[in-house]
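Enquirer: Chains D and V supply the protein sequences, listed in that same order. Under full-length UniProt numbering, the first residue of the first sequence carries the number 1, and numbering increases by one thereafter. Under full-length UniProt numbering, the first residue of the second sequence carries the number 1, and numbering increases by one thereafter.
These are computed hints drawn from the structure, not numbers from a lab. It is possible that some hints are incorrect.
The list that follows gives simulated cross-link-like pairs (lysine-lysine, DSSO-like), each with its CA atoms no further than 30 Å apart [unchecked claim]:
id: 1; chain 1: D; residue 1: Lys-189; chain 2: V; residue 2: Lys-101
id: 2; chain 1: V; residue 1: Lys-286; chain 2: V; residue 2: Lys-347
id: 3; chain 1: D; residue 1: Lys-347; chain 2: V; residue 2: Lys-76
id: 4; chain 1: D; residue 1: Lys-277; chain 2: D; residue 2: Lys-347
id: 5; chain 1: V; residue 1: Lys-484; chain 2: D; residue 2: Lys-152
id: 6; chain 1: V; residue 1: Lys-487; chain 2: D; residue 2: Lys-76
id: 7; chain 1: D; residue 1: Lys-152; chain 2: V; residue 2: Lys-544
id: 8; chain 1: D; residue 1: Lys-101; chain 2: D; residue 2: Lys-544
id: 9; chain 1: V; residue 1: Lys-544; chain 2: V; residue 2: Lys-487
id: 10; chain 1: V; residue 1: Lys-189; chain 2: V; residue 2: Lys-277
id: 11; chain 1: D; residue 1: Lys-107; chain 2: V; residue 2: Lys-189
id: 12; chain 1: D; residue 1: Lys-76; chain 2: V; residue 2: Lys-277
id: 13; chain 1: V; residue 1: Lys-278; chain 2: V; residue 2: Lys-189
id: 14; chain 1: V; residue 1: Lys-421; chain 2: V; residue 2: Lys-101
id: 15; chain 1: D; residue 1: Lys-278; chain 2: D; residue 2: Lys-340
id: 16; chain 1: D; residue 1: Lys-478; chain 2: D; residue 2: Lys-421
id: 17; chain 1: V; residue 1: Lys-152; chain 2: D; residue 2: Lys-421
id: 18; chain 1: V; residue 1: Lys-544; chain 2: D; residue 2: Lys-286
id: 19; chain 1: V; residue 1: Lys-340; chain 2: V; residue 2: Lys-286
id: 20; chain 1: D; residue 1: Lys-278; chain 2: V; residue 2: Lys-76
id: 21; chain 1: D; residue 1: Lys-347; chain 2: D; residue 2: Lys-189
id: 22; chain 1: D; residue 1: Lys-189; chain 2: D; residue 2: Lys-277
id: 23; chain 1: V; residue 1: Lys-340; chain 2: D; residue 2: Lys-76
id: 24; chain 1: D; residue 1: Lys-347; chain 2: D; residue 2: Lys-278
id: 25; chain 1: V; residue 1: Lys-478; chain 2: D; residue 2: Lys-189
id: 26; chain 1: V; residue 1: Lys-189; chain 2: D; residue 2: Lys-101
id: 27; chain 1: V; residue 1: Lys-446; chain 2: D; residue 2: Lys-189
id: 28; chain 1: D; residue 1: Lys-487; chain 2: D; residue 2: Lys-101
id: 29; chain 1: D; residue 1: Lys-484; chain 2: D; residue 2: Lys-421
id: 30; chain 1: D; residue 1: Lys-76; chain 2: V; residue 2: Lys-278
id: 31; chain 1: V; residue 1: Lys-101; chain 2: D; residue 2: Lys-76
id: 32; chain 1: V; residue 1: Lys-484; chain 2: V; residue 2: Lys-421
id: 33; chain 1: D; residue 1: Lys-487; chain 2: D; residue 2: Lys-76
id: 34; chain 1: D; residue 1: Lys-107; chain 2: D; residue 2: Lys-544
id: 35; chain 1: D; residue 1: Lys-286; chain 2: D; residue 2: Lys-347
id: 36; chain 1: V; residue 1: Lys-421; chain 2: V; residue 2: Lys-152
id: 37; chain 1: D; residue 1: Lys-277; chain 2: V; residue 2: Lys-76
id: 38; chain 1: D; residue 1: Lys-446; chain 2: D; residue 2: Lys-340
Protein chains: 2
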Amino acid sequence: MRKFAAEKSKSLLAHRKRLAVSLQHPTASVFSSQSHHNPLPQSSILLRFLSSAAANPSAPSESMASDSDYSSTPVKIDSINPKVLECEYAVRGEIVNLAQKLQEDLKVNPDSHPFDEIIYCNIGNPQSLGQQPITFFREVLALCDHPAILDKGETQGIFSADSIERAFQILDQIPGRATGAYSHSQGIKGLRDTICSGIEARDGFPADPNDIFLTDGASPAVHMMMQLLIRSENDGILCPIPQYPLYSASIALHGGSLVPYYLDEATGWGLEVSDVKKQLETARSKGIDVRALVVINPGNPTGQVLAESNQQQIVDFCKNEGLVLLADEVYQENIYVPDKQFHSFKKVARSMGYGETDISLVSFQSVSKGYYGECGKRGGYMEVTGFAPEIREQMYKLASVNLCSNISGQILASLVMCPPKVGDESYESYTAERDAILSSLARRAKTLEDALNSLEGVTCNRAEGAMYLFPRISLPNKAIEAAKSVKTAPDAFYARRLLNATGVVVVPGSGFGQVPGTWHFRCTILPQEDRIPAIVSRLTDFHKAFMDEYRD
Amino acid sequence: MRKFAAEKSKSLLAHRKRLAVSLQHPTASVFSSQSHHNPLPQSSILLRFLSSAAANPSAPSESMASDSDYSSTPVKIDSINPKVLECEYAVRGEIVNLAQKLQEDLKVNPDSHPFDEIIYCNIGNPQSLGQQPITFFREVLALCDHPAILDKGETQGIFSADSIERAFQILDQIPGRATGAYSHSQGIKGLRDTICSGIEARDGFPADPNDIFLTDGASPAVHMMMQLLIRSENDGILCPIPQYPLYSASIALHGGSLVPYYLDEATGWGLEVSDVKKQLETARSKGIDVRALVVINPGNPTGQVLAESNQQQIVDFCKNEGLVLLADEVYQENIYVPDKQFHSFKKVARSMGYGETDISLVSFQSVSKGYYGECGKRGGYMEVTGFAPEIREQMYKLASVNLCSNISGQILASLVMCPPKVGDESYESYTAERDAILSSLARRAKTLEDALNSLEGVTCNRAEGAMYLFPRISLPNKAIEAAKSVKTAPDAFYARRLLNATGVVVVPGSGFGQVPGTWHFRCTILPQEDRIPAIVSRLTDFHKAFMDEYRD
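Starting from the given sequences, assemble the full structure and let the hints guide the process.
Expert: Here you go:
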């Protein structure tokens with residue numbers, strides 16, 4: 001029955017009518033992993049370019065016998081919201097489900113596979129791979145969770161003086177010191193003040209606490225903006241290709257059209273504004289009302305860091321074309337090369353003389369990334385500038401429907417934007433922890449990049465920032481044919497083979513979008529440093545064997 | 001400009017085409033607070049019955065001069081998603097914005113109003129009104145936030161032995177003990193196991209961890225189900241009237257139709273299945289595909305607790321009519337009367353012999369409610385039964401797009417479903433804290449109920465459960481005329497006057513829906529007990545003066 005259902009949802013997807021928008025990039029019919037076998041015309045839909053998770057049953061419920069008869073229950077696969085079917089999210093897709101299955105196998109029988117553990121390089125989740133949290137941040141969180149111990153003598157023995165002081169400060173900022181109360185819909189005002197002081201220190205331009213919306217990670221903030229901007233499939237959002245699939249998923253769920261622009265792999269995933277303009281014009285000529293431009297800087301999955309001059313062009317482009325600039329800046333603290341530096345788009349825009357009423361700009365930040373990598377805390381914020389009061393009121397209403405984001409995440413967002421300062425008791429240990437993580441990540445990025453570049457048919461741009469490498473693999477025709485014969489995208493085929501042989505989980509490039517006919521995978525740089533040599537060696541051995549097997 | 005924008009959004013709302021579905025309840029044209037002045041025909045739309053927050057500018061940004069010129073920015077009020085405009089959320093609407101303004105006034109000048117503080121009775125937010133968190137829960141959360149102190153001697157001096165033990169258990173359930181990592185999209189498996197043991201202890205029927213989706217409070221779970229079920233405005237969701245506005249807001253945001261059924265105030269907000277059936281048939285005759293029935297038990301805003309026999313009828317009704325039963329059970333631990341008891345719908349369905357493949361049932365639970373009232377932690381879950389594997393896969397995908405809910409909230413959800421047991425060091429202090437809160441809430445409910453019933457023209461059903469009273473106020477015609485003259489719903493007019501006179505914030509009944517021509521407000525029972533007499537006295541004085549002023 002499962003197989004039947006999968007076929008049915010696949011056919012539903014295939015038959016769903018879509019808006020046809022052709023693309024003018026020289027190599028540019030963006031298509032799905034399936035369309036490799038069943039090519040769509042160049043005028044195919046923008047959204048259909050990810051590997052079809054919907055068509056691949058995933059996350060089975062262990063308890064449900066696959067032969068259970070659900071025919072008398074009311075919800076059928078062809079009676080759910082088709083936007084849900086349409087939505088795809090490869091970083092937790094089929095490959096991760098296979099990995100979880102293998103992990104279960106290993107639990108039962110440690111010799112069941114040619115490796116002793118699964119290494120999840122599919123997602124930027126540092127602490128899952130052994131990274132330790134920053135002590136100061138956790139001390140403050142614990143004290144805010146249980147303020148009753150703040151006054152106890154023992155507390156001074158096990159917490160730093162400045163974490164105790166900071167916890168008192170934070171409690172004073174919370175009405176009634178109630179860390180268990182819903183906050184203001186945008187987040188606790190005092191914490192937004194602290195975040196703004198951090199933004200001001202970073203940018204050298206003023207920030208306003210009324211512009212901050214604290215959210216459970218960056219994802220809900222992205223959804224909120226898509227929800228606000230997208231009215232129908234005639235509304236388009238310009239997104240980089242490759243892109244982080246949150247964007248394609250969110251656009252699909254809100255029923256809009258993803259308008260792709262290509263990052264140029266040959267120039268280190270460069271963003272060429274003239275190409276973006278071409279894509280914009282093509283979309284407009286097809287009747288698409290393009291509302292916004294998404295820029296991910298540092299890049300995900302691509303790891304590049306934009307030059308300030310390039311950012312200025314992007315700002316001018318959005319200004320001139322009447323686009324909202326949605327700036328995904330969650331990797332702002334993950335920079336690994338001395339010749340690059342992070343500049344927020346707000347700083348760039350303000351430096352160019354554009355003020356509040358000149359450009360509509362949203363900056364997304366998260367506590368999941370950075371050197372702290374506190375993914376599980378689900379903290380984040382968006383800074384919203386250049387929207388008229390009546391639009392802001394609608395944003396406030398949307399935030400209110402979910403009441404508020406979690407308070408621990410709010411507190412943590414304030415901490416990462418305002419960490420210990422010179423003179424604070426924790427300052428030295430804090431900077432030591434931070435610098436150790438960042439310098440280790442830089443070394444890991446370089447080691448993995450070099451290893452990948454040494455493989456036959458693999459080229460890999462450097463990770464200037466973020467947490468990923470996105471190597472391109474030139475697969476032999478025989479491998480492509482083999483993938484075809486099992487109805488899988490060639491890079492998904494490669495990733496699956498890699499997982500089965502090594503236990504290393506990566507995400508096929510088709511999950512992010514890529515120039516048709518090219519194949520990639522995304523691999524995080526996050527395994528602990530002492531594990532990297534073994535990973536490199538496993539990867540190298542696998543790749544060699546794979547190429548030997550399929551060499552034309 | 002603000003005023004202009006408000007008028008514009010109001011006119012946009014008024015002109016937006018909607019599906020017309022007439023109702024057959026004897027008193028049943030559900031309409032909005034505005035339609036009181038400008039009555040809609042009986043065939044009016046289901047969604048248009050809340051006081052129009054969208055039309056009332058709220059949450060102004062302090063920093064934005066109201067005369068700033070945003071004309072060159074791209075997003076206009078008539079170019080945003082009309083579903084966002086449509087959505088309303090009264091519990092954080094206009095009246096709360098006024099309250100926040102008054103609070104600012106008091107900060108600047110404590111004598112600026114005839115009261116010295118704002119008492120927020122608009123929302124079930126116990127800790128904001130001074131309720132203390134349950135010690136055991138907070139101890140465990142603090143230890144999980146900062147596990148580095150678990151082994152230290154001082155920790156035993158300031159934490160209970162069972163909180164330390166529980167923290168160790170929880171850490172052992174988290175892969176790599178990484179409380180800072182993204183978890184499985186449905187939440188940490190071990191915590192879902194614990195939650196299931198709590199559900200089993202409650203219901204006496206098995207629960208499956210694969211059926212649990214941990215979420216940031218109950219709201220995202222409700223949104224997920226609406227997103228899954230609603231394809232277009234032709235899809236309807238049966239909701240009680242009065243209802244908690246999360247439902248109307250979520251249905252509006254997902255573009256569906258709210259199909260109302262009325263709770264009968266005369267029988268203590270009774271739910272009459274024959275009436276629900278009538279509404280269902282009417283909606284179907286208008287071409288609405290009704291997908292689900294929402295039941296809130298204990299009731300919000302109405303406070304009634306359903307009898308088991310009534311629940312059985314509801315289960316049979318959903319089974320026979322092919323409806324998903326969406327059971328909002330977040331107040332399951334808030335029962336204040338000895339003659340009523342909470343039964344989960346799953347227990348009721350299983351007791352009737354209905355198994356996994358017989359009925360589609362979703363139960364929503366939250367850590368925000370109960371006696372613990374941990375609203376700010378944003379923990380919750382839904383238990384999903386009776387959906388075919390291919391539908392569950394789509395739910396898993398939706399959960400994956402946001403990666404996971406916050407880990408502290410996940411941990412807390414496991415704690416509230418599995419609190420200390422007899423023999424645990426914390427057991428006595430825990431039960432003392434719990435029982436003190438619950439018995440105090442029961443006394444407060446009774447005191448406020450009696451006080452309200454003693455007022456001229458006010459009748460108030462008892463709060464059997466939940467956190468609210470929802471008194472009906474018979475307003476004099478002169479008051480209704482006065483409200484009309486300032487273009488406000490009469491109950492909103494009353495609530496505004498109450499706030500201005502007493503500092504007490506309540507939500508007008510028009511924010512929840514009510515039988516046309518009746519007026520109510522929702523008031524929480526949450527102010528601390530020693531404050532209740534003063535609140536009763538202020539309320540009584542205000543009401544008397546109001547009635548004297550407007551008596552016909």
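Enquirer: Each hint needs a verdict: does it hold in this structure or not?
Expert: Hints, verified against the model:
no.: 1; hint: D:Lys-189 / V:Lys-101; in the structure: 14 Å, holds
no.: 2; hint: V:Lys-286 / V:Lys-347; in the structure: 34 Å, violated
no.: 3; hint: D:Lys-347 / V:Lys-76; in the structure: 24 Å, holds
no.: 4; hint: D:Lys-277 / D:Lys-347; in the structure: 23 Å, holds
no.: 5; hint: V:Lys-484 / D:Lys-152; in the structure: 58 Å, violated
no.: 6; hint: V:Lys-487 / D:Lys-76; in the structure: 46 Å, violated
no.: 7; hint: D:Lys-152 / V:Lys-544; in the structure: 50 Å, violated
no.: 8; hint: D:Lys-101 / D:Lys-544; in the structure: 26 Å, holds
no.: 9; hint: V:Lys-544 / V:Lys-487; in the structure: 24 Å, holds
no.: 10; hint: V:Lys-189 / V:Lys-277; in the structure: 39 Å, violated
no.: 11; hint: D:Lys-107 / V:Lys-189; in the structure: 15 Å, holds
no.: 12; hint: D:Lys-76 / V:Lys-277; in the structure: 23 Å, holds
no.: 13; hint: V:Lys-278 / V:Lys-189; in the structure: 42 Å, violated
no.: 14; hint: V:Lys-421 / V:Lys-101; in the structure: 46 Å, violated
no.: 15; hint: D:Lys-278 / D:Lys-340; in the structure: 28 Å, holds
no.: 16; hint: D:Lys-478 / D:Lys-421; in the structure: 58 Å, violated
no.: 17; hint: V:Lys-152 / D:Lys-421; in the structure: 27 Å, holds
no.: 18; hint: V:Lys-544 / D:Lys-286; in the structure: 65 Å, violated
no.: 19; hint: V:Lys-340 / V:Lys-286; in the structure: 38 Å, violated
no.: 20; hint: D:Lys-278 / V:Lys-76; in the structure: 25 Å, holds
no.: 21; hint: D:Lys-347 / D:Lys-189; in the structure: 23 Å, holds
no.: 22; hint: D:Lys-189 / D:Lys-277; in the structure: 39 Å, violated
no.: 23; hint: V:Lys-340 / D:Lys-76; in the structure: 37 Å, violated
no.: 24; hint: D:Lys-347 / D:Lys-278; in the structure: 27 Å, holds
no.: 25; hint: V:Lys-478 / D:Lys-189; in the structure: 41 Å, violated
no.: 26; hint: V:Lys-189 / D:Lys-101; in the structure: 14 Å, holds
no.: 27; hint: V:Lys-446 / D:Lys-189; in the structure: 35 Å, violated
no.: 28; hint: D:Lys-487 / D:Lys-101; in the structure: 21 Å, holds
no.: 29; hint: D:Lys-484 / D:Lys-421; in the structure: 57 Å, violated
no.: 30; hint: D:Lys-76 / V:Lys-278; in the structure: 25 Å, holds
no.: 31; hint: V:Lys-101 / D:Lys-76; in the structure: 49 Å, violated
no.: 32; hint: V:Lys-484 / V:Lys-421; in the structure: 57 Å, violated
no.: 33; hint: D:Lys-487 / D:Lys-76; in the structure: 25 Å, holds
no.: 34; hint: D:Lys-107 / D:Lys-544; in the structure: 29 Å, holds
no.: 35; hint: D:Lys-286 / D:Lys-347; in the structure: 34 Å, violated
no.: 36; hint: V:Lys-421 / V:Lys-152; in the structure: 25 Å, holds
no.: 37; hint: D:Lys-277 / V:Lys-76; in the structure: 23 Å, holds
no.: 38; hint: D:Lys-446 / D:Lys-340; in the structure: 15 Å, holds
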